[in-house]
Amino acid sequence: MNNLLDDYALLSPLRNRNNRLKLGVVVFGLLAGVSSTSIITPLFVAFCMGITTVFFGKVPLKLYFNLMLAPMGFAIVGTVVILFFFGSGNEVIAFDVFGYHLVANSQGVDMALHVISRTIGGMSCMFFLALSTPVIELFSVLKSTRIPDAVIELSMLIYRYIFVFLEVAMSIKYAQTVRLGYRDFKTSLSSVAMLASTLFIRSWEQGEKLYISMSSRCYDGKLAIFETRRPIKTSEAILTCGYVISTIASSHLTII
Amino acid sequence: MMTMTILKTNNLKYFYPDGTVAIDGVNIEIKNGQKITFVGPNGSGKSTLFLLLNGTFKPQEGDVQFNGKALRYDPKSLRNIRKNVGIIFQNPDDQIFAPTVYQDVAFGPVNLDFPMDKVESNVNNTLEYVGLLHLKDKPPHHLSGGQKKRVAIAGVISMEPDIIILDEPLSNLDPVGADEIIDLLNELNYFGKTIIISTHNVDLAYRWSDYVYLMSGGKVIGEGTPGKVFDDTELLKMAGLKQPSTLEIYHEIERRGLAIIGELPKTVPELVGTLKPPELMWVNVPHGTQEGDTLNLGIMYGEYAQHCPYEAVNAKVLHIHADGRAVVEMMRKGMRAGCIIIYDMDSYHRNDLLELIDKSEIDVVGAMGTISKNIAEKDGIHLEITAGVIDKSILMALCGKRCLVLTNGGMIEHSMKRIRDYVEKSGINLSVSVVGGKNA
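Chains as they are written, first to last, in this note's numbering: chain Z, 1 to 256; chain P, 1 to 440.
A portion of the hints provided could be inaccurate.
Stretches of chain Z that chain P covers, calculated by requiring three or more beta carbons in the stretch to come under 8 Å of a beta carbon on chain P [said to hold, decoys possible]:
1) 64-74
2) 128-141
3) 151-163
4) 206-218
In short, the hints are calculated from the structure, not lab data. The beta-carbon is built from N, C-alpha and C at its ideal position, and this holds for glycine as well.
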């Protein structure tokens, strides 16, 4: 289970920065990217976020590219469709494929470029958040919003037991595999069904055990969430301001 | 204070909803500050009994008394009993539910309405105490089995209970991890906590406990000091258990007339202490030796027999055999016992320690407790002993080695007491001293 993004976030040096600042930077980046009329702004956001994630967050460059590759694959397929089937205006590229006449016109090119640059910008913001802020840190931020406590507490318990049941599911699957539970389609189907039903019963039992163990520790309806105080440092504030100003500037100066 | 009864049950009976008898008329009396073990095979009712003791289950008959008062099952009384009787479950994953270690340990204190600064100091102190402070922001699924166990224990200690109950505390732990948990329990007990554990590990129950309850089929079928309970083979057979190996070996030695009859040995050093030194021995003698000559065997110490506790041995030749061997009577020069120095890691300086190792000609260094082990590892101090430290040091000292034990806090007094007890029982004078800290 070493490949979860959350594990990188837990070890990231950026974990120990102010959570609200990080969230703010991400939300700003997303909004700036989507609302900008220029293709430069989202790319600028992507560049800044990428640098921050890789250099300050110490995420291996190769991993970062691999992560970006998956959404990029989808984006490129979508872009190709947009390029040839949307918009009107002057013909930019035109050629024949198997008797079909494919035309990309100026509006289509424009739209395609926007889609792809916004995808890159948005994804880089999301990866920055995912690779710098573990889920456990987000709980404390959620706590200070108006979301009901019950929802947050439930999601905390769910988050914790995802890993417990993942382990159980993996060991059941292994036990099934070594006894040839997945040798063909039919057995696979029944094995998966067994795994699912066992997992359901296990989680039911786990719930009861959890209740006993919580009441053994005087459960009184309180699940503490502590937020470590991490004041924003001057250097971080300056860097963020610089980033915000230059992003806004890029969107104003480069209206294409 | 030491002999006050803190927890008691009267004819406790509990049936499962389907009518199966889980606990069938159990009477126990737990004394304050003791180490109690419930031993029994799987399904003998140990875990159910524990859940009755903290009020999770309500008995159909009989009652549980805490500090002389029968337990009532209204929310306020339940809160009180659960604050004072902490339970640590067998599987830490049943117990650790918060997304980080810190939050899990803080769960109890927060629900007890401790003020926020007390919660904070309690959690930090407890985590430091169990040696996990550096992992406080980790999610539990990143921890090893032993670390999870310690988080579960910390989650209970932070509520400051008088009694700590552990269901199978050593299951699924490697030997070193298990040893660390036992060290931790000993330390807690030393500071006045009553510790109750359940196990089917007879060796652990025999050497660790002050008092043992033997359970089978929901009943207590035997109780008493470990020596009494585990020497009763018929009783053990009834409970589906076997004798602890130390005791088994001792009885085999005894049967062959090689043991000094006395108290039953609990630990390996005590077992070694019961060995009767040989009086007559077959040796190869040089040609021309006469009956009645005195030989200096000299081989029992030094590079020939590094692990032998005797110095040069003189022997009187009693009989010379045809093949050149002889029967000799041993005349010993007594033991050459080594020493044990306990180093207080609270006043640790690397150079002081290295100087001490050098000056005092220390042969063997051991460390007890996670904090000491971590410091030693970080500073590159080679540790020969990391598990069963006190027993091993005593054995080494008996063989004339000079041992240094690195430890801290309450473990120091605890170790001193263990070694002094051994000296008193065995009559072999090992020199023990403490270096550093307030004892310096």
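Unmet hints by their number, sorted upward, for this structure: 1
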